Each structure stands twice: as C-alpha cells, then as structure tokens.
Amino acid sequence: MRQVLLGTRSRRTLAVTLVLVLSAVCSSALAGDVRGTLTIPSDLASMTPPIADAALARARYWEEWNGFLDPRPTRLDPSREIAVVLTGDGPVSEGEQPRLRMQNGSLSPATVVARIGTGFQIQNDDGCSYEIFAEGLEELSPVQTAPGMARPITVSTAGHWPLADRNYPHVHGYLHVIADLVARAQVEPNGSYVFHDVAPGSYTLHVFHGDHEAASTPVTVGDQHELVVPAIQVQAAAPAAAP
Amino acid sequence: MLFTRFWTLILVLAAVAGLSTAMIGAHIIDERTDDEARTALTRDRFELETILKLDARSRIDAIAPLAAQGDIRTALREASGRAAGAAIDTAVATRLRVRLGELNAQLAEMAGDLVFAVDKDGFIVAQVGGVAPPAGAGLGAFPLVRRALDGYVRDDVWVYNGEVFRMAARPVVEGGQYVGAIIHGKRVDDAFAQRLVSRLSGASLGFFLRDQVIASAMPESVAGAPRRDDLAAPLAEAIATDAFAAGDLSEPMPLATGGVAVYAPVIGSAAHAHVGYSLGRPRPLLGSPLAILDLASGSDWASLPWPMLGGAALLLFLITMLSIWLERDRPLARFRVAADKLGKRDIDRFVPPEFGGALRTAAASINEALDKVQDQAAAGAVRRRAADLDSILGKAPESASTPFFGFAGDKAGASKDFDLPIVPPAASPASALSPAKAMAPPPAQAPSPPPARPAAPPAPSPGRPAPGPPPSSVPRPGLKSAAESALSSTLIGVGAGATEGAGMVQAQAAARFSLGPPLGDEDDDDGATMVARVPEELLKKAGNSEEAEQEAHYREVFDQFVSTKKQCNEATSGLTFDKFVVTLRKNREQIVAKHGAAKVRFTVYVKEGKAALKATPIKE
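Chains as they are written, first to last, in the working numbering: chain G, 1 to 243; chain C, 1 to 620.
Same shape as in the complex, but just chain G (with noise of 0.2 Å):
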C-alpha cells in the first residue's frame, strides 16, 4: 500500500514536470523571427549636425584638398544610425540581442533604444577611452569606459535623451527609454534587419532615427518560424512619438 502510494505521488510529480517542460519546448518552439527591410532615403541627414562656418574656423587651422584625387563625398552608413524595435504586450524576446557599441570612432547604432529597468551594455572596440553621457540623465553620467571595455547601463525612468561623449564633439546619439521593448533589430547596411525568437503576439515595429520615430508599423507573430515583415519606407524627418 505504502509503496503504491509513492508510486502515485512520483507519477504525479513527473507528470507536472512532464507538462512544464513540454510547454516551454511548444512556447519556444512556437517562437520565431520577423525580417523586414527598410527603404532608407539617399538623402537622410546625419545625426551629426554639420558644423557651421563660425564653428569650422574654430575646429582646424587647415583643411584643404589633397591636389591628387578628388575629393569623394560624404558617406552615410544608415545602419548606425537607425535603431529599429518591436514592442507591445508579449515577452521580451530572448533572441539574440545586437550589441551597443562604440566602433571607429562612433556609437553604434547611435539610435539606442533600451527598456525600462533592464540592463545594457555599450561596449568600447576602439581604442581610445570614451565618456558616454545621456545630458539630463544621472544613470547615464560621464564616465570613463576604457578601450576594449563594456560599460553596463540600466535606465529606470521611460524618456528620451541626447547622448554625447565628453571628449569627442563628433560623437552623437539618442536614447529612448521605453516601458513596451520586446526586441531590437540590427540594421545592415542594405537596410535589412531581423528580430530573433519573438513570441506569437501583436507588436508594433518601431524604427527610430535620432530624436523622432521615422517609420512605425503593426506586426502580427503567429505560430510561423518566420515572419517577414513588407519593406518599410524611412521618413526623413518624421516628428518624434513616444512610443
């Protein structure tokens, strides 16, 4: 009697244990990933402001062309500077997040969008120190982040702010805060971009440039693997929204 007592009670457990674990296989099975494409403008402004004439005699005493080559035009890598997020009701994603960096003498993405409370890291791969500051914001103050190191950040408060760097006038970005993030996106240079393990759900894709969301459109996940999203026209100059 005893012993088929037992017998109940460990068939009990293991089939609660059983039901858990195939739930949480099915709901990450169920997971997938949203594509899309952006249809970047050529002519989308730099978040780095072009420097007035007044300002340029105070930046150098010289700058003149070589004489050999001409000189080539200004180049816009979109990819650092556009953030594109989902956010809405669901879980955080737990795919595989693009990584905040400070990268040849930039922030990228220099678009940075964190969720509230949670941890971020912004990692220095060049090789100079950079003092990272959100102006206005005391979570994120100037503080040194030596070459090769990452500096961890968490925001507890939903805003939006301008970032800077102490040391480098040229370096530029804008932080949003918000409540929603599920997941961020890793934008390439031919403007495709993919959110990983994003669970069933309804969310809004969001894709900010600077200080103003310059596109934003509804998502639906469903059980699908993969969920590939229309290409997505880019404002220039879209008003900002919180989101």
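These aren't lab readings, by the way, just hints derived from the structure by calculation.
Hints are not guaranteed to be accurate.
To be verified - One side only, chain C facing chain G, incomplete, derived with CB under 8 Å:
1) Pro133
2) Gly136
3) Ala141
4) Tyr152
5) Arg154
6) Asp155
7) Gly176
8) Gly247
Claimed, not checked - Cβ pair distances, simulated, as ranges:
9) C:Asn161 - G:Pro73: 29 to 37 Å
10) G:Arg99 - C:Asn161: 18 to 26 Å
11) G:Gly159 - C:Val98: 48 to 56 Å
12) C:Gly224 - G:Ala57: 31 to 39 Å
No experiment lies behind these values; they were computed from the predicted model shown.
We put the beta carbon where it would ideally sit given N, CA and C, even for glycine.
We have chain G already, so just place chain C on it with the hints.
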C-alpha cells in the same frame, strides 16, 4: 602766529598735493601697467595662434612623405581591399607598423608621438606610439580622419586617452583611389610649451585639460612671470566664462601672485573637452606711491634738478624758521624780558599792547591775576593787623576803641570789584589805585602821580611790610607831630573811612613815634600800636591826610589810565583830570552807598584791547 599758521597751511596743502600727485601717479602707472599687460597678452595670443597655425602646417607637410611612401600605400591598399567585415591581415599590419615607425623616426623633430595608418573606412591598420588598440578599432568617425579619407589634408587637436595631441592627417592615394590616411599626433607637453614660450616675448604659457594644467613654461628672464600653479588657479572660473564657451579669449584675469592671464580654448575638436591655453604676464603694480622710487633708475635720479630742489627745500625751511622766529620766538623773548622785569620789580605789571595774540591775552590775564592776588592779600593783611593790635594792646575799652578802629571787609574780609564803564576821552573817566601801585614804584612808562602829601610813605603792600625805612628812622612831619602831641595816652588812628593800608601805616608810624621802639617785635604789623583815644586835631589831620591820599590815588589812576589808553592806541584828547575825578568820586559815592564800603579802589586794566577801570569796594 597768523603767518606761521598760514604758512603751515600752505605747507600742509603742498604736502597733500604732493601726496595726491604721487598716489595719482602710482594709480596711473598701475593702470598703464595693467593696460600694457592686457595689450601684451592680446598680442601674445595672436602670436601664439600664428605659431600654432604654422606648427600645424608644418606637421601636415611633414607627413607628406609618409602618405606618399610606396610601402605605406601598398599596405593600406591591401588592408582596404579585404572583404567587408574581415579582419585585417596581421602580416600586412605588422609590415605597415614597422615601416611606419621607420618613416616616423626619419621625421626627427617632427616625428609623431602617436601615428596611425587607417584603411579607407578609418579602421586602424597600424599604430606607432601609444597603447596598442584592440582589433577592429577605428577612427573613421573622427572629423580629422573622415576628412582625410575624403581627400583633404587637415589638422586638429585631440584628447586621446587622457593626453592632448596636436594632430595632422593626410589621405593616402594608391591606384587612383583613396586607400587610407596617415594620422600624425604630437603630444602637447612642457617641451612644446617651452618652445613656444621662447618665441613669445616674456609671456608664460600653459596648456590645460579642463582644470588641470598639462603643460607649461615660463620665461626665465622675466621676473615674477606666472608659474604653472598661478595659471592653474583661476582655470575653473575661466572655463565657466561665456567668452571661453564661445571660443574666444577670456577677459584678463588677475593671478594670486600679482600677474594677469588670459584663457582661450585651442583650435580643434579638443576645445569640446575644455582643452585650451593660458597666457600670463607679470603685472608689477606699485601699490604704494613710494614704490615709484623703486622704478627710478640711476639716470632718472641723475636727471633731477638737484640744486633747484635743494634750494627750494632750503628756502621753504628758512621761511618756516623765519616765521617761527618772528611770530613765536621773538614775542616770547619779549615776554620773557618783561617777565624778568616784573620779577625784578622794574615794572609792576605787563603792558599787554606790547605783545600780540595769545601773549597779549596772557599778559592781561597775568595782570588781572596779580591784581586779584594783591587785593586778597590786602584784605587778609588788614584783618591780620586787627588781630595783632588786639594781642598787643589788649581789648580796648568799648567806649573808646569802637569809634576809631575798623578794618576793611566784613568777617570774611570779602571785597567786591566793580567794572566801571570805559571812560570816554572827554566824558567820565574813572580810575582806581592798585595796592601794588601804591607799594611798587610806578612803571617807567607811567608818569608818577604827584604826591598829595610829601611826607606820606608809599602804602605798604597788604601782607608785606612796607619796603621803606622803619618808621623810627623816617619820621614824617605830619604824622610825627600828631604822634608827638598824642604821646602814650593818645589814640592814633584814622576814621572809619581811613583805615586802609596807607592810613594804617601812618597810624602805625605815628604809634611808633609815640611809643618808641617796637615792643621787642621786628614785624611792623606786630609793632602797630593802638591807643584808646585820638585827639581831635589828630583826627582832623588824619581826615586831611585821607583826602590828600584819595586825591593822590585819583591822580595816579588818571595818569595810569591816560597812559594805558595811549598804549592801546586810544584817543586821549579831551580827557582831563577834573572830569575824570568827578566820575571817580561819583562812582565811589555810589559804591560806598550801595555796599557800605569804607573805601573804593580804582584799578586800570586793559579789556579787549582798551583801557578800562575797575572799582573795588573795601569794607573796614
């Protein structure tokens, strides 16, 4: 002392004017020094900017060989040609680093402390100097590098890992395309600052990063040149100014050590990190007018007109001494001579008009004091005689002594003086005879009054024996005959109105004549003798004597009054003795009636520079 005071005022004003001039001069010199320092700093800043600009150009030109060197171009072409996202070939990077180091060393003084070779996207392929960067590090977003990769030569100032570098960049062209750039940096250090200071004329120089001076130099030949700490002290304040934020030169800021400095951000992106330079100069302010003397050189001293200055100083000194001698020493000497005469009894009182100013007042005051002392002494002497007579003669019979003897003053012996109105030249003169006058010989300038009675000796000063011979040796006919007729049983004295000093002496003299030598007492006062009764004829004589004495007193007062008025430069025309004596008598009668005085003395004195009379009632 009027001139002396005025002269002193002139000297004081001259001294104040001189001091004010010196202070204004010092202030003007300080202002000019300050202006010169500010102007010099502005010029220094212009010169420094020019030097830095030329230095930037020199560095841009210096790295041209590096950018054009074949190995560099080849290596950067290879690095830039790698696949997107691929790592840089280590062999290429190593080869480029070595070659870059060699070429940099060949630049000698222009060799960079930090040199990069970057590919076409700005990623670092090779680096000389500094800490080796992590793989994948780049500088492509730096304006200097970005513009160099676009085909421009450029300069800048960077803050790189806590140090400040003067940067220059050149594109590297290979195969008709831009394959990278050479980035060249020279550290901002003390050696660089010293090199710049050697080209500035006397200014101290400091480069700073925020509130820290990272490099500085000061001219060795300039005394008081601001040092590193001096320049660092106001940094926080200077950086916070609007001018600095706008990239302009700050206002000159005073340094704790007395100098002045200006602050300006550097030309370059490092200005964003509050990198700038400070130029300082000493500002030798005088502070004190006396410090002007320290500025004078030997030639300055030699250029002074010493004879004229010495002569002026001597002249001023002599004028001062002369004024002191004229207005202080000489009158004092006169006063001292007069005082000596007074002490030797050559004169009985000062003559105030002979002196001026305070000495005149002092002389008049001394005269008044002498008069009061003598009056009080006279009153005291009379009262003492009464005591002496009582002790000598015993208490006189009530019926006999009371009518004949009395003494001036009441029990306290008090007397009261009355100032008479100043007698107009032809109206009502008044006079009084001072007891001292009666005792002492009349002053040289005052005519001696005609004696009313030749036999009468000078009245003794109260409290003092008469200076004349003893009564026994100087018999006077009038008194003597009276005494002889009275003999020992005769009362010698005067009436109630004739008991003042002179009368008493006469009475005493008469008593001595009648009684013989003093009764073993040398004192004349003690020797005075009183008897119980006076014969009628003696009283009559005594009455005549009083009138004569009174008349003599009036005459003496008149003469003295006239003399004093003359000394006071007052008119005396029309002033006659007859009119004068009428006024005196009238005043005497009024005073006697009013105060019940036995006698009235008139005294001449000077009041406010004019002759005046004073009446003193004597109660006896």
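Cross-check of the supplied hints:
| no. | hint | verdict |
| --- | --- | --- |
| 1 | Pro133 | holds (3 Å) |
| 2 | Gly136 | holds (5 Å) |
| 3 | Ala141 | holds (3 Å) |
| 4 | Tyr152 | holds (5 Å) |
| 5 | Arg154 | holds (4 Å) |
| 6 | Asp155 | holds (5 Å) |
| 7 | Gly176 | holds (7 Å) |
| 8 | Gly247 | holds (5 Å) |
| 9 | C:Asn161 - G:Pro73: 29 to 37 Å | holds (32 Å) |
| 10 | G:Arg99 - C:Asn161: 18 to 26 Å | holds (23 Å) |
| 11 | G:Gly159 - C:Val98: 48 to 56 Å | holds (51 Å) |
| 12 | C:Gly224 - G:Ala57: 31 to 39 Å | holds (35 Å) |
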